[in-house]
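**Q** Work out the full structure: start from the sequences and follow the hints.
Under the UniProt record's numbering, the residues of the sequence shown are numbered 1 to 873, in order.
Bear in mind the hints are in silico, worked out from the structure with no lab data behind them. Since the model is a prediction, treat every value here as computed from it, not as a measurement. Be aware that one or more of the hints could be misleading.
What the hints assert, rightly or not - Within a straight-line C-alpha distance of at most 27 Å, the following computed DSSO-like cross-link-like pairs (lysine-lysine) qualify:
{"no.": "1", "residue 1": "Lys688", "residue 2": "Lys589"}
{"no.": "2", "residue 1": "Lys404", "residue 2": "Lys342"}
{"no.": "3", "residue 1": "Lys400", "residue 2": "Lys421"}
{"no.": "4", "residue 1": "Lys589", "residue 2": "Lys404"}
{"no.": "5", "residue 1": "Lys39", "residue 2": "Lys342"}
{"no.": "6", "residue 1": "Lys400", "residue 2": "Lys688"}
{"no.": "7", "residue 1": "Lys688", "residue 2": "Lys404"}
{"no.": "8", "residue 1": "Lys674", "residue 2": "Lys589"}
{"no.": "9", "residue 1": "Lys676", "residue 2": "Lys589"}
{"no.": "10", "residue 1": "Lys342", "residue 2": "Lys421"}
{"no.": "11", "residue 1": "Lys676", "residue 2": "Lys688"}
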Amino acid sequence: MDPRTDQVTSALEEARAAARAVGIDVDTGPLQVDDDRPKVSYAFELEGDFDAPDAAAMEEALEEIPGVRARIVVPADAPATAWITAPDTLDPDDLAEIIGVFGVRATLTDSSLRRRIMRPDPAERTRPAVRARRLPWKYRRHLEDEERNLERARRSGFLGNPEDRVRLAENAQPKDLLFTARDLLTPTRLIVCLILAVPIMLMSYIHELQIDGWQWLTLVLALPVVTWGAWPFHRAMVGGARRGLTALDAASSVAIIAATVWSIVMLLFTPAGQAGWQSTPHWFAFQQQRIVDGELFLDVACGMTVLLLAGRLITMRTRVSLLEEMDARRPDPQHIVHLAPKTRAPGTPARDELRIPLQEVNVGDDIIVQAGETIPVDGTVVGGSCTVHRGLISTGEREKEQVKVNSYVYAGSRNLDGRIKVRVVHTGHRTRSAAIHRWVTDANIQQHQSTLLSTRTAAMLIPAALGLAALDFLLWVLIAGNFNAAFATALAVLASVAPVALALSPALAIRHGIEAAARNGILFRDGATVRRAEMIDTVIFNRVGTLAENDMHVESVTAAHGENPELVLRVAGALALESDHPVSRALVKAAREARDTGAGGEDVPHWIEVSHAEDDGQGSFRGLVDLPLRARDGTVTVTQVEAVLWRPRTMSELHGRLAAAVVSGGTPIVVRWKGKDRGVISLHDNVKADAEEAVEQLEQQGIETVMLSRDTYPVARRYADRIGISQVLAGIAPGRKPHTVRSVHTQGATVGMVGDVSVLSSLRVADVGILMGDSDTSDDVDHLTHSGHPDVDIIVLRRDVSAIPQLIAQSRRVCRIIDTNIVFAWTYNGVALAASVAGVLHPMAATVLMLGSSLFIEARSNSVRSFRRAVAP
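**A** Structure (structure tokens):
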């Protein structure tokens with residue numbers, strides 16, 4: 001028997017013995033595992049010497065345990081990892097012990113350890129809550145509320161790590177205000193209150209309906225409305241008083257309670273409670289009857305309750321957020337996907353497709369996506385073709401796009417027709433959709449200074465209104481001697497204040513503005529970034545990665561006297577081989593094409609060896625290359641020489657025909673070896689189709705445009721003139737670009753720096769750093785990994801330059817709406833309070849005006865949800 005087979009068999013027996021030692025019976029056949037039990041995914045880092053047969057044996061040993069699936073990945077440039085899915089009742093230490101039988105040490109990764117710490121103990125989940133049942137009802141209800149809030153936060157992904165919990169606890173809610181609980185604002189509550197309030201309003205305002213005892217009937221109908229119906233507002237007021245906070249609806253709650261109590265007192269101690277008494281509605285306060293005649297305000301209490309409930313429900317139904325829509329489209333980890341078998345070896349039988357949960361899919365797997373299904377991962381299409389709807393995030397002009405082999409697709413996209421095979425590149429939290437969700441979530445919980453200012457002023461408005469109402473009551477009693485008129489004006493004061501609109505307008509507009517931009521492939525970091533983007537008056541473009549297409553190509557090769565241009569090109573390609581810059585890719589591609597066609601003949605070597613290659617960070621490459629050099633006697637020997645690939649800043653750095661070549665073509669690259677410049681390679685890249693239109697839009701917005709380039713000034717100026725850019729900063733080496741951006745900033749300009757990942761350091765020194773990506777590749781997911789980097793304020797997932805004037809227009813629109821809303825809110829509150837104190841505003845009219853002003857301000861804030869692609873001058 002093969003010694004390797006004996007070794008594997010022996011290891012399997014030892015693994016089974018280890019499983020028995022930890023209490024797992026593997027001798028009585030497959031055990032029955034409850035399919036309803038949740039599964040947990042673990043990742044173990046493996047340390048030790050083992051090969052592919054050992055990995056297969058470890059997988060087999062682990063899968064001997066019922067409900068366990070294992071896969072061991074051994075990458076060439078990273079530690080080996082074991083991906084294991086097991087029932088939640090299985091201790092990961094038992095899995096590590098089984099792996100240890102093979103002489104391999106298994107250690108849980110940080111992410112797996114964090115998930116295990118955060119996951120509740122299964123025994124605790126199933127333990128009866130006997131102690132909770134013994135608690136008083138109010139404490140038990142408090143515990144139930146806490147459980148519901150915790151579960152809601154966990155489902156939303158907010159408890160992924162301790163840092164998120166601390167940040168949310170500190171920033172998610174304003175500390176100056178207490179909002180009314182949304183869970184209590186239900187349509188049922190509104191409908192019941194409306195049914196009871198309508199007869200009250202009709203009897204209060206129509207004499208013909210005021211039958212004998214009608215006032216007592218209205219009291220019976222009003223009590224459920226002002227107690228149960230207005231309970232959300234009363235609860236918020238009491239909760240705010242207990243916590244030392246101001247409830248936004250405290251003034252309305254006080255007005256409802258005061259109107260009800262006043263009416264009951266009038267019914268008990270004045271003629272208003274007698275049979276045959278009738279009420280005459282009055283618009284002005286000085287028309288009110290004397291207190292000895294009685295006056296009821298149940299219509300005000302019930303009408304205010306119904307209007308507040310209706311307004312809050314309308315507000316809630318119009319606030320469908322991007323995050324909620326993304327959560328609705330997020331694939332379930334337990335969703336079953338079809339895993340395509342890998343290419344089989346010749347002579348082996350074909351395998352069927354596997355049906356596995358999404359959480360068990362690994363990078364490199366091939367999954368099948370049928371027509372009508374949502375793509376659950378980011379990946380590359382390796383088979384089939386279909387039409388894909390891109391989903392909620394638009395990164396181009398077309399919502400539907402035809403994809404085929406080598407096309408890149410994203411999680412959340414929908415397959416409209418056809419059948420495709422997708423090779424997984426990113427799963428779970430690594431997908432673009434998950435990264436955008438985290439970015440927008442972080443943006444929403446960040447409080448901008450204007451939002452904090454508005455909440456603080458709204459918090460001060462409530463006690464000011466209460467004090468003004470009390471002062472108004474006293475003055476009317478002292479001056480007019482009419483208690484009914486005094487009370488009517490005090491009610492109008494409390495009913496007219498609109499703190500909700502003042503508090504929510506900035507936050508709502510910023511949230512809708514950020515989400516509208518995100519739907520169109522533009523990600524703002526937070527509200528402060530929106531404010532800074534509004535103030536931009538200078539936009540600096542780094543030419544490469546923003547204005548130019550990525551497909552550069554060699555335009556011409558100018559060799560010095562006596563030099564072979566083909567050899568110049570081959571040396572340049574060899575030196576740039578390890579770089580992924582568009583210039584380097586163009587040189588390598590041209591050199592390989594020349595080699596494949598045999599250009600240069602036998603005088604140019606087929607392969608040039610490079611050693612000690614290095615990039616100096618300033619756009620130059622150097623290394624030792626093996627070149628065939630001809631001696632004076634005509635003999636050719638291969639000699640190792642130092643070669644440099646560098647970019648000139650001015651034409652004065654070269655002479656003769658090389659100096660002319662530097663300024664006459666496209667991007668110049670100089671090749672030098674043995675201390676002598678041997679030739680100049682000119683490269684050409686196409687301008688993006690919409691670059692000229694985007695620059696014109698920026699100029700129409702009053703923004704100065706600047707292009708930052710490594711090229712010489714004549715080349716850069718010629719390029720800028722093609723698209724209409726105002727100023728050019730040419731000859732700037734990569735290491736000097738941050739200093740150049742800072743110098744523009746120090747001249748008083750508010751700078752928006754636009755560039756790709758190669759100029760992150762330049763984004764930091766600008767007022768607003770804008771990172772551009774490429775939506776047609778997986779690279780934009782890598783851009784999103786920089787979301788935590790302080791240099792990046794805005795990420796543009798689109799490749800078109802028009803996104804820049806659009807994001808500035810969006811930020812200006814959002815800030816304009818916020819500012820005008822705040823002015824309108826304060827103007828309304830001032831005018832409404834003055835009218836109420838003067839006695840010319842009825843309490844019901846004040847309530848209608850308050851609700852109307854709030855809905856008007858909210859409608860203007862909601863208007864920013866429509867993102868304008870066409871930028872007005």
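**Q** Work down the list of hints and note, for each, if the structure agrees.
**A** Hints and how they fare:
1. Lys688 to Lys589: Given pair Lys688, Lys589 holds - Cα atoms ~21 Å apart, limit 27 Å.
2. Lys404 to Lys342: holds (19 Å)
3. Lys400 to Lys421: holds (18 Å)
4. Lys589 to Lys404: Given that 27 Å is the threshold and the Cα spacing comes to 25 Å, the pair holds.
5. Lys39 to Lys342: OK: Lys39 and Lys342 at ~25 Å, within 27 Å.
6. Lys400 to Lys688: holds (22 Å)
7. Lys688 to Lys404: Given that 27 Å is the threshold and the Cα spacing comes to 24 Å, the pair holds.
8. Lys674 to Lys589: holds (25 Å)
9. Lys676 to Lys589: holds (25 Å)
10. Lys342 to Lys421: holds (11 Å)
11. Lys676 to Lys688: violated (36 Å)
Of the numbered hints stated above, the single one contradicted by the structure is hint 11.
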